[in-house]
Each structure stands twice: as C-alpha cells, then as structure tokens.
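Modelling step: build the complete structure from the supplied sequences, incorporating the hints.
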Amino acid sequence: MIALILAVLFGAAPLAPQQESIALKGTLAVRAGTLHTQAGPPIANGIVLVVDGRIVAVGSEAEVVVPTGVRVLEAAVVVPGLVDAHSCVGLAGWLNTDHDKDEVDRSDNVQPELRALDAYNPADPLVEWVRSFGVTTVHTGHAPLALIPGQTIVVKTRGNTVDEAVLVPEAMVAACLADAGRERDGVGTRAKAMATLRQSLLDGRRHADAVAKAEADEEEEAPERDLRKEALARVVTGATPLLVTVHRAQDIANVLRLREEFPELRIVLDGVAEAPLVLEELVAAALPIIVHPTMFRAGGETKNLSMETPRVLVEAGLDVVMQSGYEGYVPRTRVVLYEAAVAARYGVPFERALGMITLDAARLLGLDGRLGSLEVGKDGDLALFDGDPFEYTTRCVGTVIEGVLVSTGERPR
Amino acid sequence: MNRTLSPVLGLLLATLCALPRVSLAAQDEPPVRAFVGARLLPMRSAPIDDGVVLVRAGRIAAVGPRASIQVPEGAEVVDLAQRVLMPGLVCTHSHVGAPWGADRSGPMQPEVSSVDSFDVRAATVHRARAGGLTTINAMPGSGHLMGGQTAYLKLREGNTVEDLLYRFEDGAPMGGLKMANGTNPRGESPRPGTRAKAAALVRGKFLEAQRYAEKKRAAAEDDEKEAPAIDLAMESLVEVLEGRRIVHHHTHRHDDIVTVLRLAREFDFRVVLHHVSDAWRVADEIAAAGVACSVIVVDSPGGKLEAQGLRYETSAVLHAAGVPVSIHTDDYITDSRLFLRSAALAVRAGMPRDAALEALTIAGAEQLDLADRIGTLEVGKDADFCVLDGDPLSVYTKVQQTWVEGELVFDLSDPEDRLFAVGGPGAGDERLFSACCAHVEGGER
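Going down the list, the protein sequences come from chains E and U. Read the first sequence against the working numbering and you will find it ends at 578, with the numbers running on by one and no gaps. Read the second sequence against the working numbering and you will find it ends at 1227, with the numbers running on by one and no gaps.
Keep in mind the hints are simulated off the structure, nothing from the lab. Incorrect hints may appear among the rest.
Said to hold, decoys possible - Below 30 Å or equal to it, Euclidean Cα-Cα: the simulated DSS-like pairs (lysine-lysine) are:
1. U:Lys1086 <-> E:Lys266
2. U:Lys1180 <-> E:Lys468
3. U:Lys1086 <-> U:Lys979
4. E:Lys468 <-> E:Lys357
5. U:Lys1007 <-> U:Lys997
6. U:Lys997 <-> U:Lys979
7. U:Lys979 <-> U:Lys998
8. U:Lys979 <-> E:Lys266
9. E:Lys190 <-> E:Lys266
10. U:Lys1086 <-> U:Lys998
11. U:Lys1086 <-> E:Lys468
12. U:Lys997 <-> U:Lys987
Here you go:
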C-alpha cells in the first residue's frame, strides 16, 4: 500500500526540477544488513524509507519497495538516531576558555531562570563531533557545578541557529547535590545545600499559589514578574522536571526525602555512582535515572563507582538510560555511544544498552512519540555503522536527521 | 632479527627440555611454570594458536606451538585454553600512584624524582594491573618545562617503590626526564609567558648543563682542576645529555612539536614526543628527525586550546610515515583498565592491528630502553603477560589475568581483584599487599 502511494508520488509523472527538489528534501532510503528498530526483533536485510523527514516504511527488503529516484544509503548495521539523555555540549565549549565556557555562572547558587536556549551554540565543533558518531538528539544544558545552575534544552544536532535545533526549549531545571555543587563560592555543606534547595522550592510554591489565587480571583493582584520564582514555580508544580545530579548514597537519600516533602516534584536522578548501595530505596521510589557515563572517572565522591552499575540498575528493573555527562577538561565531551558500549561490555544486553541511547532515552525526555525507534510516523533519524555499533573498531559511516544525511564519517569538521 | 631468532631459540630449548629428565640438575633448577593452550600474540612475529610458554625464574624459557615444546615433568601447568596471551602492556605515560614531581618554586626542576612520590598502595596502581599493564613510565605532571625525573616501574606486588623499580646497570632507579611545552607550563614569572620564553629558558638550562659537564670532564682529566660542587639538577641533565636518560616531552601543537625537535637537535638529547595531538600535521618532519611518538587517544578533541587538533588518525598517520608509535593512557586522562581500547580506537581510524598492539607493548618498551627485557614473547625476556578471553581489540574482551615475571598479580576470578577491575564499594581504597605478604618468609617480599 505504502509502496503504491510512493510509486504515485515519485514514479508516476516526472516532476519539474523545482518540485523535485522540494519533494526529495528529507527523503531517502536506508538499506541495512541488520536493522535494529527498537520496536521488535532485528530485521535482516531491512529497509527504512523516509519521506519528507518522517519514516513511512520499515521492514525487510521483501516488504518495502523503494521508489525509483530515491537515494539509497547502505550500511551493515542501522539503528535509530542516538539520543544522549544528558550532555553539556553547546554550552561547555570545546576550547574550554573564558569565551566559550557557558555551562555555569557563579554569581549565585540558585539560578533556575538561566535558559539553555540563550546559551546553546549549535556551531560548537563538539556538536558536529558527537553527531558524526550517530547522535541526532541531545539533552544538554547547564553543568552540575552549582546548586541550581540553570535550565536544560533538547536539541537535534543540526541547525544554524538554536531555533532550528531546538525540540524542547525548557526541558528540565538542573540541580546538583554532588560535591561540585558545593565547591568554590557555593553553599558550604550538605545541610546548607538541602536547606537552600528547600527554601527555593518553597519560594516557587508561594509564587505558584499567588499566581493561582490571582487567576481564580479578580480581586487578587497577580504577583510581580520574577524570572527566578516563575522557574521555581514550574519546578515545584511538576511542570518542569528537576534534574538532580548526585553521587553518594547519603545524598541520594536526601533527594528521596525531598521528593516526599514536595510530592509534585518530577525528579530525574542523574549520576548516582553509589546507587547500588541504596538499590532497594531506588526501586521503591521508581524515579527515572540517567546513570553516570560508564567510563566516568572514579575518585573522590565517585571512588566507589562501578562500570557494572548500569547493569545492576537495569536488572533491578529501574528506568535507566545513559549519558555523556559533563566533563570539565579532556575529553570535553564523552561520546554516549561509547558509554553504552562499555555498559554492554559489563553485562547490559545489547538491545537494552542500545535502548539506553535511543528509545528509553527518548521516553525519559518525553519524546518517544517522535524519536528513539524506527517506526512509521517517527522522525527519520538514523545512525549507520559498518558493524556492531558497540565494537571499538566499528565506525559510524553515516548520520541521518529527518531524512537528511548530515554526517558521513567520524571526523571533526 | 629477533623475528627469525626466536622460533629457533624456542626449538632449541624445546629440544633441551626434551632430553632425558633423570639428571639431578633438574631439581636444582628453579621450578617451571607452563602456560599452555592459549593463542599467543608474540608481537613482531605471527600469532601462534594453541601455544606453550615455559617460564623459569621469571623469564621466558621457551615459546612456541604446543607440538614444538615439551612441558617438563613437574612443571606447574597454567591451562589457558580459549585464552589469548600477549606480552604485558607497557604504558609510556602514566600518573597512577600519584608520581608528582616539581613544586611551584620554579619552571625547571630536573632534580626531583617521581620515585620519591610514587604510592605503591594507590588503588590506581592496582587498576593498572587490572588493565593488563605490567610496566609503566610514572610521570610527573606537565605544569613545568622540566617537571622531574620519571620512573620506569614494573608492576610487581611490591611493598615499597623499591620493589617496583627498573634499575640502570649501576643500580640507580631507571627513568627519563619529563619536559613540557605549550600552554600547561605557562604562567606568571618565573614560569614562561610565551613560547619563545619557554624555549629560551630550556636552552639556557641545557647550556648550563653543558658547562657543568665540561667542568666535570676537565676535573676528571686534570687533577689540578676542581670538580664543580654536585648540583642535582645538573647531574640529571648531564644524564640527559649523555643519552642515559630519555626526555619524555609533553607537546601537542604542531609548532610546539617542531620546537622540541629543534631543541633535541641543538643539544643532541634523546626524546620521545608525548600526546602529540597535532602530530598528523608534521608527521614527515618527525619521521625525518628519527624521533618516536607516544600518543594519547582521547574520545573527543578539545578541552583545552592545544588539543583542538586531536584526531584518532594520529597514530595511523605517524605509523604510515615511519614514526615508531606507542600509545599511552595518561591515566587519569584515560583509564588503565581500558588501555586496550585506546589501541582499538587507533585501529578504528586506520592504524594496522599489529602496529596498534605493538604500540601497547614492544614499541613502548623501546621508548623506555627496555626492549631487551619486555614487550614481546621471546626467550630470555621477562615473563610479563596479559591474558585475555578474546580479541584484544574487542569491546567484549576482558583482561582475565596479569602476570609479572611469572607471578600472578591480577586475576579477574578473584573477587578482590575483580573489585579493582570494575569498581564498586572499596575499589577506591588503597591496596594493602603488606597485609598479605609481610609475614611470608620473614617479610622477604
């Protein structure tokens, strides 16, 4: 049926050049030795057909007919475009100098009003770098270096401006209860960090209540505009999730306590190096988790970090996905593909490890209706490899975003 | 040459071992440990399936296919069926054990030695064993033009750093000299503010060392002349000028690399270029200078200005240009436990597989003047092994065992060792060998 429609679209009558170029934008087919769709078992000799940026057909060679004139890419293995559930690319500039370090402003410990939208640089070479490894979507933003450093954003790894890249302008508000949030001029102790966070949420609660009251009662005056309180109000009411970076078991317990105090909070746990020490509590809380990069450096508060933690969390039945995370030095960004690969090395089953950087990551970001699997109607985002994507020596040979081939090899610029 | 020699020697030894075993001499000889059944990757010669390595007194006594080597009666057999055995990995640039050198008092401190700083109990050291590493070049940092003397260390289960030292023939700890240029050593005076200043400071120091060496020489030849007062910084640099101590030079940008080549030519010192992010831009110049490179493979370029040019292709480009290439961890920059991964990423970007594996073993040994002792599976060399459960370059392959001089120093099947290999509660704690070994044979360990 689809083949028929497409035959009509492409083959029936020759289009004028101008029309043709419009029709073919965002249109291509990908033929794969093995197609991992994340929507069923792998398909041998599979084909994905993308028209005008959306997937219109997925199946085996026998099931999908590629209309004449449609460009066909080929690769040994094809997977959904990779989704990095937490990164700082575009804000943490690749040169790591004053002029491109936009991941944290240290003038205050609590700044939820700082928008990633105003800081994301789509031209940072590291955006192009991770894209060349198949990453098509990134949840990025302010780094875990202050108690509340600012907001995050979800972007596609394309576009000349942030407006062309953005999918979700205010994805989450970031918070940090890890050591880095208490360093420099930050809050000095754990108790102070928790008290400050509580007070901030109460401020947000009061603002939200005042707004609601004014809306319900014409007699009541609306509160003055206040960017910070408005952002905190969105967090405390659950309109915007709170992304809490935390590593030590005692700090994880603090987050769980906070959630009991503010039941509307939508908390996403991030990092959690010592999660295996409080596994029962995490299972009971059932919060989504963006686990630390598998190869994250062990030391200080992460000295008990284990490369098996992704497997432990998966086996506990938790909703856990992978990230590239934040890096302050070299490498300036990790590659989420590699982190999932090493998670697979340490026992996460292949499809689940792939899910941690595709469908499960998309679901955590609320974008699984559009991203993360190869299904009809979803965005035509694909990553092409010349072998098992997790193998160290396999190469990403192509990245497709909404039917456009945007990378053809792992290279800077 | 070794390529053709080793099988012959191996055969010879096999023949020797096959002689009637009635002599009492066999009892006097140290016991033999036989590593049997593994696929052997000897480096610089073809792999051997179902191989045998005989080890006596910590050295390789025979190596070859099973059919060619008779395991002596009474030998302790280590069954390595389904395993891959390669030489213990050599990291030419490591910071495990916190081997820091120079302090803030000045930009050039060749007198300090990381031997005096190295912590044998650091968890990072045992993590290195878990990665299959058996030899490291323990390096001071790169915040100085001359950051101090490096230490070549054998990762035995030692109780003090003395137990880990490689030694020069005169018994002195063996090592090189860490130098750096580019942005890391820059700063407020007395640190250099520009690249030209950095080079001038180094040049001045080497001229001073040349004068010092001349005075020593003159005093040695002429009783009338007074020898200079011993100056430890100068003594260290004289060792560099004499070629005994190799300069291990942190350098990233293409122009900084070329500056190192220029200085090495001017003062005729032996140098290995380390990190070399930009080396792909000046590969022919490096090859022409006959200088070796020790490459870091980092997941992404950038992170600092001078690493903008970093590419996975660097190792492949240098190798193709004829430059001897080793690969290093720079641990903590990359993790020793995943050292094999660095070579695999070089292969991902075009380096031949054999060359990449040699970059983790024999090429590194050569850059530390240790090629006569380690880096290949050859008769007479130290029995340092990395035992794997598959292709060394596969993500799914894990280091199963690490052997140093025929002794097991890491075993993934041992829960305590496993903790250091993968992490978990307790993995960050120091490794107390003294607790297990101090009482053994009167604390001889």
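- Message: Would the hint linking lysine 468 (chain E) and lysine 357 (chain E) be met if the CA-CA limit is 30 Å?
- Response: With a Cα-Cα distance of about 24 Å, the restraint between lysine 468 (chain E) and lysine 357 (chain E) holds, given a limit of 30 Å.
- Message: lysine 1086 (chain U) and lysine 998 (chain U) were given as a pair; does the straight-line alpha-carbon distance stay at or below 30 Å?
- Response: violated (43 Å)
- Message: Please verify whether lysine 979 (chain U) and lysine 266 (chain E) have alpha carbons no more than 30 Å apart.
- Response: Since the Cα atoms of lysine 979 (chain U) and lysine 266 (chain E) sit roughly 28 Å apart, the hinted pair holds (cutoff 30 Å).
- Query: Between lysine 997 (chain U) and lysine 987 (chain U), is the straight-line Cα distance small enough, at 30 Å or below?
  - Reply: Holds, at about 15 Å.
- Given the hinted pair lysine 1086 (chain U) and lysine 468 (chain E), is their alpha-carbon gap at most 30 Å? holds (25 Å)
- Does the alpha-carbon distance linking lysine 1180 (chain U) and lysine 468 (chain E) stay inside the 30 Å limit? Cα-Cα ~22 Å, so holds.
- Message: Given the hinted pair lysine 997 (chain U) and lysine 979 (chain U), is their Cα-Cα distance within 30 Å?
- Response: holds (27 Å)
- Query: Is lysine 1007 (chain U) within 30 Å of lysine 997 (chain U), Cα to Cα?
  - Reply: Given pair lysine 1007 (chain U), lysine 997 (chain U) holds - Cα atoms ~8 Å apart, limit 30 Å.
- Message: Just to be careful, I want the Cα atoms of lysine 190 (chain E) and lysine 266 (chain E) compared with a cutoff of 30 Å; is the pair within it?
- Response: violated (35 Å)
- Task: Assess, step by step, whether the Cα of lysine 979 (chain U) is no farther than 30 Å from the Cα of lysine 998 (chain U), and give holds or violated.
- Result: Holds: lysine 979 (chain U) and lysine 998 (chain U) sit about 29 Å apart, inside 30 Å.
- Verify the proposed pairing of lysine 1086 (chain U) with lysine 979 (chain U), using a straight-line Cα cut of 30 Å. Holds, at roughly 21 Å.
- 30 Å Cα cutoff - pair lysine 1086 (chain U), lysine 266 (chain E): holds (11 Å)
Violation of the numbered hints given earlier is confined to hints 9, 10; the remaining hints are satisfied by the structure.
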